[in-house]
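Residue numbers (our numbering), protein chains in the order written: chain A, 133 to 194; chain B, 1263 to 1580; chain C, 388 to 613.
Note that these hints are calculated values from the structure, not bench results. Please note that a few of the clues may not be correct.
[Claimed, not checked] The calculated label-pair distances, taken between Cβ atoms and stated as ranges, are:
(1) B:L1360 / C:S404: 46 to 52 Å
(2) B:M1537 / C:E416: 33 to 39 Å
(3) B:F1516 / A:N142: 26 to 32 Å
(4) B:K1286 / C:N602: 28 to 34 Å
(5) A:V171 / B:S1455: 43 to 49 Å
(6) B:K1286 / C:I577: 24 to 30 Å
(7) C:E462 / B:S1555: 50 to 56 Å
(8) B:A1301 / A:I155: 29 to 35 Å
(9) C:W405 / A:I155: 32 to 38 Å
(10) C:L565 / B:M1537: 24 to 30 Å
Keep in mind the model is a prediction, meaning the values are calculated, not measured. In this text, a Cβ means the ideal position worked out from N, Cα and C, and glycines have one as well.
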Amino acid sequence: MAGLVASVVNLDRPGHYLHWWVIQLSLANFVVIVLMLVVFALALVVPFPKLHERDRPKKERP
Amino acid sequence: MRSTVRDPAASPWRGPTRPYDLVKELVIAVVVVSLLVLALAAVFSSPDEPGVTIQRWARADPSDFITTATTELDGTSISASYGPPYNHDGPGQKIGPLALQKLAGVRIPIDPAHDFVIGPLQTVTGDRTLAGALTRYTRASAAQQQRWASNYDQAIQNAPAQDPTQVRAGDYGPVPTMTARLLQLAQSGALDSQLVNPGSGFYQTDYTRPLLFLSDSGYLANLAQAQHLSGEQWGMSNETGSYPGQAWLWLYTFWYQIRPFTHSGNADALIWGIMLVLSLALVLVPYIPGIRSIPKRVPLYRLIWRDYYRQTDNIEHN
Amino acid sequence: MTVPPPVRPAADDVPGSWTAALRRRAIDELPPERLLPDRQPAYVSSWVYLFGVLTLAALVVVIASGSILALKGPEWWHHSSLGHFMNSVHLWSVELFFFFMVIHLWGQFFMASWRGNRGLTWVTGAVAFLASIGTAFTGYVIQSNFDSQWIATQAKDGMNAVGIGAFWNVLDFGQMLLWHVLLLPIAIGIIVALHLLMVRRHGVVAPIGVDADGNLIDSGTTTDAS
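Extracted from the complex, chain A is given alone in its bound form (with noise of 0.2 Å):
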């Protein structure tokens, strides 16, 4: 196949797939899909840098 690039991983095989009742899901979709709830679930839990004093406006410090 003219062009192949080599490639540091070689998804050129043949996928697994995950198999429960009727779901077939091939391997890369469910890291996929799993990738996606972690990090939702991080960005939902991870602190976010909070609100110094300076950088209220002047109307709004106590």
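Go by the hints and put chains B and C onto chain A.
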């Protein structure tokens, strides 16, 4: 009934603010995402399974090729009995009484017998045997043509390993000669370009004909099945090899896995109908009672705004 | 944040001028301080808020990489290492685009971001999502490889079943190429622009149970429509 008191979220915010650099945020996001994408592309690359040509198919499975060509002639192939938009030879799918496929009409006229078999064969010159076979075929009545092709189709089904070279003698007319010559044309590679919209002359960008011919055989489907891409394998959300695919199509492909759609001739139309309704529901979430109040009942928002609730509560109680 | 007065009073506008009316409307709806603010409400303090701009950033990379692929035409990437790499960049930027967009959707849903007359913001976002799926589909179909062949021949059945296939022929490479490279990106651009302008117009929605002055509303008197 909507409360007569105005929605507080509708008023411009008059509460505390914090600095925000919109442009800097976008620039940083573009830089970060670009680096991430470059890394992913370098590490994982992208798939590029070469396309299947008619030539490849004809060389890999000549028996299947001849069988398919015969079904184009006897009208039993998928294309020949498809219906709109290609021809009037199939009823088309319905959603209840709604026959949208038929309503759209025949806009991409395809005559498989002529377009896939007879037409290409008629371009061959210097082959008197073929010319004779074509003359005999085209001068015969439609019923006679049908009989020859149908007999040959049946004979191939009954032959050992469904090998056309091992069919019993029978009333097949010129069909064996025609399909054998078409096979030669295909194996030489000539049929690939002949099928691509012959009406447009030199330039070719419409692959309707060769793709329809190709998908009338099992060759493409078998390759797809091996890559987990067929309908009942959640194929729509998959990609060749081990690459991630289109996980966002999960709900669309899900319906093809369950009854009654697994056994329905109207599966495509019905599932499109369902997905249209669900897509509309997604778009109209803010206006659907019950759905739009889910966020208030699920305490996720308390996590998102916990800092603000906490500091406001402190201020109000101090 | 107060809206500054218009530069010239409306009475000075040329009567019946569409241009003046458009300018008046644009300035009233989106004065510069609202279009490009440098402050935002204090409650915008969660990492969840980042996924909108991450989606936008991914879209920028999608368009940039797609433009580079367009420079050399649809066959380039099959016989050039650089072309194949750009194809990989385009593919992974699309994967990230959907990754971030769906998380953005989850976040906005659980914040009920349509509150306070922001229904159209949600609508444009959802339409952008659906239009992106269609655009990605045309992209897969113009790869000009086995994947394209399979996806096109499968998808045609769905399209034909509801009559769309008669007018939008997914087996027609030329048609799909133009939809993917020109028509759909324009449509997405317009929808995304409207979405962003609406976010700027209405501002980021306040937390559930908080009034416009920033005070907590007692749960017994909450007036959010539900």
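Now for the hints, and whether the structure bears them out:
no., hint, result
1, B:L1360 / C:S404: 46 to 52 Å, "holds, 48 Å"
2, B:M1537 / C:E416: 33 to 39 Å, "holds, 35 Å"
3, B:F1516 / A:N142: 26 to 32 Å, "holds, 30 Å"
4, B:K1286 / C:N602: 28 to 34 Å, "holds, 31 Å"
5, A:V171 / B:S1455: 43 to 49 Å, "holds, 48 Å"
6, B:K1286 / C:I577: 24 to 30 Å, "holds, 26 Å"
7, C:E462 / B:S1555: 50 to 56 Å, "holds, 52 Å"
8, B:A1301 / A:I155: 29 to 35 Å, "holds, 30 Å"
9, C:W405 / A:I155: 32 to 38 Å, "violated, 56 Å"
10, C:L565 / B:M1537: 24 to 30 Å, "holds, 25 Å"
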